[in-house]
Amino acid sequence: MRVFLFIVFCTMGACCFAQCSYYYLQNNKTITIGMFDRKGKEDGKYVYKVSGVSKNGGITSATVQSEVFDKKGKSMGGGKGTMQCKSGVLMIDMRMMLSPQQMEQFKNAKVEGKGAYMEYPASLSVGQALQDGNFNMDMKMENGMTANVSIDVTNRKVEAKEKITTPAGTWEAYKITYDAKTVITMGIGIPIKMQLTEWFVPDFGMVKSSSKWGTQELLSVE
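Quick note on our numbering: the sequence shown kicks off at 75 and runs consecutively.
Think of the hints as simulated: they come from the structure by calculation, not from any bench. It should be emphasised that the depicted structure is a prediction, and the values quoted were computed from it without experimental measurement. Any given hint might turn out to be false.
Restricting the straight-line Cα-Cα distance to at most 16 Å, the calculated cross-link-like pairs of lysine to aspartate or glutamate (EDC-like) are [unchecked claim]:
1. Lys286 to Glu246
2. Lys145 to Glu116
3. Lys154 to Asp167
4. Lys146 to Asp167
5. Lys231 to Asp253
6. Lys154 to Glu141
7. Lys286 to Glu272
8. Lys148 to Asp167
9. Lys146 to Glu193
10. Lys286 to Asp117
11. Lys235 to Glu246
12. Lys146 to Asp111
13. Lys123 to Glu141
14. Lys145 to Glu193
15. Lys255 to Asp226
16. Lys160 to Glu141
17. Lys249 to Glu233
18. Lys119 to Glu141
19. Lys286 to Glu141
20. Lys267 to Glu216
21. Lys249 to Glu272
22. Lys148 to Glu116
23. Lys145 to Asp167
24. Lys231 to Glu272
25. Lys123 to Glu246
26. Lys119 to Asp144
27. Lys235 to Glu272
28. Lys103 to Glu296
29. Lys103 to Asp144
30. Lys267 to Asp253
31. Lys115 to Glu141
32. Lys237 to Glu272
33. Lys145 to Asp206
34. Lys231 to Asp206
35. Lys255 to Asp206
36. Lys123 to Asp167
37. Lys160 to Glu193
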């Protein structure tokens, strides 16, 4: 049974949460997010498995293993990242923003550089500008080739507060828009630019996202 924590206090339309009950930080949970194309047809799913949840120095951390399946149930690859939370602020490992093909391609590469996190504050309000996210890593492939991956997330803004319903439930969620640019350099770097919208529930997590290619919705947390 899902347990929701009460809001500690709310002022001026911005609600503050003191806990870290995000689904990415619940030990042994399995999170399933469905992918749908522009016509609303099922196009596959993401499955995230949470393990190793720990608390140290006021920070809650968890390891999240991801796997992506196509619409026929065939695995397309996966990866692993670390999620953190401090005083209600969720920090999502930006490596999880790579596509399944990219995660599979680089899973055995030797990595240099530190990981980076995209933050979601404990307090959100309509009109609020959120911190940018930047990720950059150098990698050496098993075949000796080198590569660089960079992700820049900019222009993050809370546009509205809306009621969102998915197969997993109904929430009052904050609508957040942002721009993302991914550059993978293996000799020649080709930037991939996207405009995205997501619906985020403080102290729970993202319940829906959309881009020009389709939508993703939270199906279950088990």
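Can you confirm whether the C-alpha distance between Lys119 and Asp144 stays at or below 16 Å? holds, 7 Å
Quick one, are Lys286 and Glu141 close enough, alpha carbons at most 16 Å? Roughly 23 Å between the alpha carbons, so the hint for Lys286 and Glu141 is violated.
Against the 16 Å threshold, does the CA-CA distance of Lys146 and Glu193 hold or violate the hint? violated, 34 Å
Please verify whether Lys154 and Glu141 have alpha carbons no more than 16 Å apart. Roughly 9 Å separates the two Cα atoms, so the pair holds.
CA of Lys145 to CA of Asp206, is that 16 Å or under? violated, 33 Å
What's the verdict on Lys237 and Glu272, does the C-alpha distance respect the 16 Å limit or exceed it? Distance of about 13 Å is within 16 Å: holds.
Next pair to validate is Lys145 with Asp167; report whether the Cα-Cα distance is within 16 Å. With a Cα-Cα distance of about 26 Å, the restraint between Lys145 and Asp167 is violated, given a limit of 16 Å.
Keeping to a limit of 16 Å between CA atoms, is the pair of Lys267 and Asp253 held or broken? holds, 7 Å
Next pair to validate is Lys146 with Asp111; report whether the Cα-Cα distance is within 16 Å. Cα-Cα ~14 Å, so holds.
Quickly compare the C-alpha distance for Lys154 and Asp167 to 16 Å and report which way the hint goes. OK: Lys154 and Asp167 at ~9 Å, within 16 Å.
Lys286 and Glu272: Cα distance at most 16 Å? holds, 13 Å
Is the Cα-Cα distance between Lys103 and Asp144 16 Å or less? violated, 22 Å
Of the hints listed earlier, those the structure fails to meet are numbers 1, 4, 8, 9, 14, 16, 19, 20, 23, 25, 29, 31, 33, in rising order.
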